[in-house]
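> What follows is the residue order along each chain.
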Amino acid sequence: MSGHTVTFDGREIPALPGQTVAAALWSAGITAWRTTRWGGEPRGVFCGIGVCFDCLVEINGRANQRACLVPAAPGDVIRSGDEDVA
Amino acid sequence: MTPEAPPRTLAVIGAGPAGLAAALAAAQRDLRVTLIDSAPQAGGQFYRRPAAALGARRPQALHHQWRTWERLRDGLAEQIAAGGITHLTEHHVWFVERVEGEGGFAVQALIGPEQQESVALRADAVLLATGGYEKVLPFPGWTLPGVVTAGGAQAMLKGGLVLPGRTAVVAGTGPLLMPVAAGLAGAGAEVAALVESADPKAFARHAATLAAHPDKLAEAARYGVQLLRHRVRLTPRHTVVQAHGKASLEAVTIAALDPAGRVRPGTERRFRCDTLAVGHGMLPHTDLAEGLGCRVDGLNVAVDAEQRTDVPGVWAAGEATGIGGAALSLAEGHIAGRSAAARLRGRTPDPRAWAAAAKSRTKAREFAAAISPVYAPPAHWAEQLRDDTLVCRCEEVPASAVREAVDELGATDARSVKLLTRAGMGWCQGRMCSAAVAGLAGCEERSARRPFARPVPLGVLAQTPDEDEPTPSS
Ligand SMILES: Cc1cc2nc3c(=O)[nH]c(=O)nc-3n(C[C@H](O)[C@H](O)[C@H](O)COP(=O)(O)OP(=O)(O)OC[C@H]3O[C@@H](n4cnc5c(N)ncnc54)[C@H](O)[C@@H]3O)c2cc1C
Ligand code: FES
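Going down the list, the protein sequences come from chains A and B. Start counting the first sequence at 837; every next residue gets the next number (the numbering used here). Start counting the second sequence at 57; every next residue gets the next number (the numbering used here).
Since the hints were made in silico from the structure, they are not lab data.
Quick list of the computed label-pair ranges, beta carbon to beta carbon:
1) A:Pro850 to B:Gly244: 14 to 22 Å
2) A:Val913 to B:Glu158: 39 to 47 Å
3) A:Trp874 to B:Ala409: 52 to 60 Å
A few chain B positions that, by computed beta-carbon distances, are all more than 10 Å from chain A:
4) Pro63
5) Thr223
6) Ala264
7) Val367
8) Gln440
9) Glu500
Built from N, CA and C at the ideal position, the CB exists for glycine as well.
Starting from the given sequences, assemble the full structure and let the hints guide the process.
This is the structure in structure tokens:
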């Protein structure tokens, strides 16, 4: 199985085809990728199946994507960030 | 109806065990089925598999009942080839409505991972097989990265082939904890403890029911053997009292429970770990059913013996109608599919035709009813919450605010707590906090009526005719 790479806040990380953004980030040892609006607390995956919205992340300029659902495509530009007030 | 009549159509929402069994049963009886799921592949939560491109050599190593899955998978492929089933992946259904005048239903789905564009599908009938999600009660530290739901850890492992962390504690209550601990240990994690709040002695009171289910006992025994092989300690009658760490999880403290379900002071033990997989049972997805006006009984979509809801043309099967495991979902799905096939042709089905499925449904429901009181979370879990422990993760509402709403402002139900504190108003629409809020308010846990099953972009709503309710969170 051949992998590809994506970037997370400018850092290149490996990803496997079909792996979600969350799985790629976890594999690279990154477990938090946003901070909460009021408390500034770090958050990453919680439910793992698209229900809790804790894993929100910016992917290719689109804010508020669920990292546990979206597959990591080659060259994806992933950014952490403070929660957008939706 | 004449035999030349055009094929009747059924939209099955959810491609887990229930939805797959239903779609196959209906398609084999000449309904034209559209099987719709938000995931990129069929299988649901139970038969979750790594993406084909990940090239896992033995995905079955993480599963039991692989042969049942192969049967469903091959049946699906055959029906797709024959034109009986159209499988729509990555379609997130946010609303289903009856089409006035013309009859039938419109299924609204956001497509692709982006979920910016919505499509509408028409069908003569719908079958809801949307499954459930995990319930987690809060405790200090539960928002730290590294704390995940037990099912979430399993999903990451099965679907992404990622081992969440190196050292894990698995905790909470319910039949899901054992397979999750076994899965993590088998994949190479060190499982420092398997912490179950239930009392094994409580099972003795249900010995007769349990003995009637040798398959379930054998399944538990199989996990037991796997856990033993990996030297995983089962710690019953214990609960997690706190997760520790700064930027992410570093350790958890567990403590023993007394018979009343209170923490015994002085019994605290600390384990170093980078992952805590925690769960307190499952909750059914009921939003689509509620949007259609189906009766919900407590937390479950209410159905009759044929798996029909009280709204004509709407069936429901699987965990959406009550939590009971994959075998129950399969049986219910099969019955629902056959019933729909007959009813859509104007025939009254003969239940004797699905006697075997009905029998396994009865047995599985009996079993679920026997074990669910045993796997109750500790009665006094709320005493562990500190004032600053968040109850609502999305809106960051601490326990103190909920307590104030209840004790000082007199809120006695989740809705009032929500209006007073914003708990349940965020992205997840209360899915993560409703059980905790109900517990703190001392009211019964009920399904929260949400306008839509998914957050919907405003642009989509603007384009969708006949929509008058604004979206809450987009
Ligand atoms: C995260 C998780 C992990 C689990 N792991 C295990 C395990 O390892 N072992 C075990 O015995 N049991 C496990 N369970 C329990 C398991 O869910 C059930 O036993 C079984 O899968 C229920 O089958 P089902 O068909 O009713 O629902 P599911 O298998 O949950 O299938 C429901 C399907 O509906 C889809 N869906 C839901 N809502 C929508 C919507 N609005 N639009 C489009 N699609 C939608 C979902 O994507 C899903 O594929 C797990 C549960 C969860 C939540
Ligand atoms: S982890 Fe819950 S939505 Fe992604």
